[in-house]
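Peer 1: Assemble chain B onto chain A, guided by the hints.
Going line by line, the protein sequences match chains A and B.
Here the first sequence is numbered in numbering that gives the first Met the number 0, starting from 0 and rising by one per residue.
Here the second sequence is numbered in numbering that gives the first Met the number 0, starting from 0 and rising by one per residue.
Hints listed in this document are in silico derivations from the structure and should not be mistaken for laboratory results.
All values derive from a computational prediction rather than experimental measurement.
Every residue, glycine too, gets a C-beta built ideally from N, C-alpha and C.
Just to be clear, a hint being listed does not mean it is correct.
[What the hints assert, rightly or not] Simulated pairs of lysine-lysine, DSS-like, Cα-Cα distance not exceeding 30 Å:
| hint | chain 1 | residue 1 | chain 2 | residue 2 |
| --- | --- | --- | --- | --- |
| 1 | A | Lys-34 | A | Lys-391 |
| 2 | A | Lys-73 | A | Lys-39 |
| 3 | A | Lys-342 | A | Lys-391 |
| 4 | A | Lys-342 | A | Lys-312 |
| 5 | A | Lys-271 | B | Lys-103 |
| 6 | A | Lys-103 | B | Lys-89 |
| 7 | B | Lys-89 | A | Lys-342 |
| 8 | A | Lys-29 | A | Lys-39 |
| 9 | A | Lys-312 | A | Lys-103 |
| 10 | B | Lys-103 | A | Lys-342 |
| 11 | A | Lys-371 | A | Lys-34 |
| 12 | B | Lys-103 | A | Lys-312 |
| 13 | A | Lys-391 | A | Lys-371 |
| 14 | A | Lys-371 | B | Lys-103 |
| 15 | A | Lys-34 | A | Lys-342 |
| 16 | A | Lys-383 | A | Lys-29 |
| 17 | A | Lys-118 | B | Lys-2 |
| 18 | A | Lys-103 | A | Lys-271 |
| 19 | A | Lys-103 | A | Lys-118 |
| 20 | A | Lys-383 | A | Lys-371 |
| 21 | A | Lys-391 | A | Lys-167 |
[Said to hold, decoys possible] Pair by pair, the computed Cβ-Cβ distance ranges are:
| hint | chain 1 | residue 1 | chain 2 | residue 2 | range |
| --- | --- | --- | --- | --- | --- |
| 22 | B | Asp-33 | A | Pro-377 | 38 to 46 Å |
| 23 | A | Thr-184 | B | Glu-102 | 51 to 59 Å |
| 24 | A | Glu-100 | B | Ala-59 | 27 to 35 Å |
| 25 | A | Glu-197 | B | Gly-57 | 56 to 64 Å |
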Amino acid sequence: MSMGAIVAQADVDEETFPYERACPYQPPLKYEQFKHEPIKQVTLRDSGLRVWVVTGYENIRLLLTDPRISASRKHANFPFYFNAPPEFRTETSFIGYDQPEHGKTRGKAAVTFTNRRVKMLREQIEQITDEAIDNMLQMTPPVDMHYVLSLRIPMTVICILLGIPHDKHEFFQENGTVLLGGTATMEQRQAALVDVNEYLYELVALKEREPGDDLLSRAIAEYRAAGEPYEHRDLVNLCRLLMNGGHETTASMISLGTAVLLEHPDQLEALKADDSLVIPAVEELIRFCTIGDIAVPRVALEDIEIGGVTIPKGDGILCLVLTGNRDETVYENPHELILSRGKRGHLGFGHGLHYCIGADLARLELQIVWSKLFKRIPTLRLAKPFSEIPSKERAVIYGLWGLPITW
Amino acid sequence: MAKITYVHLSGAVTVIDVPPNNSVMRGAVLNGVDGIVGECGGGAMCGTCHVYVDESCGVALPPMRDVEDELLYGTASPRRANSRLSCQLKADELEGLVVHLPEKQV
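Here chain A stands alone, though its shape is the one from the complex (with noise of 0.2 Å):
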């Protein structure tokens, strides 16, 4: 992106921050605006804070790798979207710590996530993937994918890695669904939430009493192994973190992409033809997708010049993910959706100390997805016109709502 001269704006007629996307696959017209002023303050729609956006591969790399920055929840100017009083806001884990709490408590989860511990789980993942399309096919079309299997295979990932005995896997299944499906009222989120919680606490205590080979056990294991000391609590929000992290994210893009895919008949019928091209195809499309754009809020903790500008210490930052993943400079077209291109490095997973700890095992779950979807049922299609699918504009993760298809 091109560093353009800082224009003062008038602030009377400027529209709030997020806005809406132009399509569920292409960033919002405004974004327009950043290839003058790639560095520029806006205002949130709901809590009225003014925070600085930063766009651009190369500024986004460049801050996210700053030690002046910090995703802490706990400073003044920390760019909620919503206001809710302190009370109401559920506890984090280490994504809103910073250094060294954030490495101490990542890394009691890290080792799960790696690499060679992800490539065992292929076979595991390819099972529930199976189950689930067994499953949909069992239904009378048109079905909600998104319900059906989007949701329902990374949730059973999670309730595996973190060791839930398999009879409550349902339970999970059930209240993910009301708080993440949109259609529940208020009271059963709220219930929902409660019930989880309850459950998480129970869990954390049998994995005490009966250690297994999973996540949460060996996360007490190395909290006991370090003679550090820990609460039930701090387990139940890494947990709570995970499920969030691994659930919404993972059946976002699974459903979108999905319907991106059916969207570009050329690029899907290259997949089909080749199984080889799932690697590259899955990277392009968390590229493409960015369903985690707006969600990589950071706190100045110095003032930080930056690309031409500075911005003052205290102040609020939003990384706009999607704008470096569609930085010109970076990808050609990068407005095109090219599966044979799609590599590593781009910011779909974030950048730096934040980056996702569960890229490796996302990136299994959308090859393994989209390894067999389109094989076992070749004639799937979308149930209605893609633009009348509705889509989770200003959700701090985006995606689409539902997504009815047939066969």
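Peer 2: Positioned in the frame of chain A, the structure of chain B alone reads:
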């Protein structure tokens, strides 16, 4: 400043004075050394800053944490006895270190 030497696959050598408080990975990335990606920016998550340490340079290395050990099993180029993740090597403590870049990182 610590002098770190990066040996490319071609045999070409880049010597960098890495500023304080930087890892061997970051020293490379800041100076545009091809062959070290550092996708996660030093979080010990991605395994794309793999290097082979030249043991003849006589610099003692810090012990390896479990997560680094795990990640080294998943690197794009094969793991060898002298494999390390350069994001886990603090340049300040490793004056004179020589590392060889692997064939590929991703």
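Peer 1: State for each hint whether it applies.
Peer 2: Right, here's what the structure says about each hint:
1. Lys-34/A / Lys-391/A: Satisfied, since the Cα-Cα distance of roughly 25 Å is no more than 30 Å.
2. Lys-73/A / Lys-39/A: It holds: about 23 Å lies between the C-alpha atoms, which stays within 30 Å.
3. Lys-342/A / Lys-391/A: Holds - the C-alpha atoms of Lys-391/A and Lys-342/A are around 27 Å apart, at most 30 Å.
4. Lys-342/A / Lys-312/A: Violated. Lys-342/A to Lys-312/A sits at ~35 Å, over the 30 Å cutoff.
5. Lys-271/A / Lys-103/B: 28 Å, holds
6. Lys-103/A / Lys-89/B: 18 Å, holds
7. Lys-89/B / Lys-342/A: Given pair Lys-89/B, Lys-342/A holds - Cα atoms ~29 Å apart, limit 30 Å.
8. Lys-29/A / Lys-39/A: Distance of about 13 Å is within 30 Å: holds.
9. Lys-312/A / Lys-103/A: Holds: Lys-312/A and Lys-103/A sit about 26 Å apart, inside 30 Å.
10. Lys-103/B / Lys-342/A: Distance of about 13 Å is within 30 Å: holds.
11. Lys-371/A / Lys-34/A: 39 Å, violated
12. Lys-103/B / Lys-312/A: Roughly 39 Å separates the two Cα atoms, so the pair is violated.
13. Lys-391/A / Lys-371/A: Answer holds: Lys-391/A to Lys-371/A is near 26 Å, not above 30 Å.
14. Lys-371/A / Lys-103/B: 29 Å, holds
15. Lys-34/A / Lys-342/A: Holds: Lys-34/A and Lys-342/A sit about 24 Å apart, inside 30 Å.
16. Lys-383/A / Lys-29/A: 28 Å, holds
17. Lys-118/A / Lys-2/B: 37 Å, violated
18. Lys-103/A / Lys-271/A: Violated: Lys-103/A and Lys-271/A sit about 43 Å apart, past 30 Å.
19. Lys-103/A / Lys-118/A: 24 Å, holds
20. Lys-383/A / Lys-371/A: 23 Å, holds
21. Lys-391/A / Lys-167/A: The given pair, whose Cα atoms are some 29 Å apart, holds under the 30 Å limit.
22. Asp-33/B / Pro-377/A: 38 to 46 Å: 42 Å, holds
23. Thr-184/A / Glu-102/B: 51 to 59 Å: 56 Å, holds
24. Glu-100/A / Ala-59/B: 27 to 35 Å: 29 Å, holds
25. Glu-197/A / Gly-57/B: 56 to 64 Å: For Glu-197/A and Gly-57/B the Cβ distance comes to about 57 Å; the hint holds.
Of the numbered hints listed earlier, those contradicted by the structure are 4, 11, 12, 17 and 18.
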